[in-house]
Amino acid sequence: MTTPTLETPFVTPLDPIAIAISDVEGLPEWTPAPADDGQTKTKELVIVNWSGELDRVWPVLILSSTAAASGVRCRVFVTFWGLLPFVKDHKRIVGENWMQRMLTLMQRPGIDHLKLSKMNFLGMGPWMMGTLRKRYGVASPRELLEAATAMGVEFIPCQMTMDMFGLKREDLIDEMGEPAGAATAIEIMTEADASLFI
Amino acid sequence: MTLLITQQVDARGLSCPMPIVKTAQAMKSISSGSLLEVLATDPGSVKDFEAWSRTTGNELVERSVEGAVYRFVLRRK
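In the order they appear, the protein sequences are chains A and B.
Offset between the first sequence (1-based) and the working numbering: plus 175.
Offset between the second sequence (1-based) and the working numbering: plus 643.
Hints are computed from structural coordinates only; laboratory data are not their basis.
Each hint should be verified, as a subset may be incorrect.
Said to hold, decoys possible - Computed footprint of chain A on chain B; a stretch qualifies when at least three of its residues, placed anywhere within it, have a C-beta under 8 Å from a C-beta of chain A: (1) 649 to 660; (2) 664 to 677; (3) 693 to 704.
Glycine included, each C-beta is placed from N, C-alpha and C at the ideal position.
Construct all of the structure, not just a fragment, from the sequences and the given hints.
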């Protein structure tokens, strides 16, 4: 296997770590893709999005949008707390009885209102995370969700959670697929090349 | 050798995974065999464009770095 030669050394003067690595290992090499025999089946990834927390929903959206960008079919089964970020923006309190409404009163739904699983500090943590995100050019959960749905990631809401939380189909964003249950989750997870519970 | 670039993606200042996401979207708008040039500043994109090229089958024709800007040229499968 031949390694393509580089016109310029593959290190940046601003990156001392890369320079140190290249001093030790020489120029980084890469392995090209094996020849396409035309028989390769489309790869599939299934993610279960269980949590409504920023530090879990974020990686779900990063991995699902990257999978779609890589030509990997990606389906996300959205269940339990994980459903709340997929409620439409203008819905503040949802549910049919006081217990269901209390849930969304305590945990504001919507993709812009995610809390951290640790160091939330009444919103101070997410605020700092948002500031750091902007400073380092990291895409927000909203931008990633828009990219993911535009590229064909399928989000499947869990019917049982919708019933228990009092969520109606029209409470959820339009891009969500048809609600389904555990048997659907099992079927797509066992058929996929990789499945993750995040 | 001068390469005939069909389209360019400016992903400078963007962090993972947006350089890849924007590249994948731009790749759809060019025809098979055409070249796409990507500029990025995310050091992680070096490994990521290699991996992306292997996963998708789009060929990574050229890669270089100038200052803090990485340049990748990819050929659509």
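Here is what the structure says about each hint:
1. 649 to 660: As far as the segment 649 to 660 of chain B goes, the hint holds, because 5 residues have Cβ atoms under 8 Å from chain A.
2. 664 to 677: holds (count 4)
3. 693 to 704: Result for this restraint: holds, n = 9.
The earlier numbered hints are all upheld by this structure, with none contradicted.
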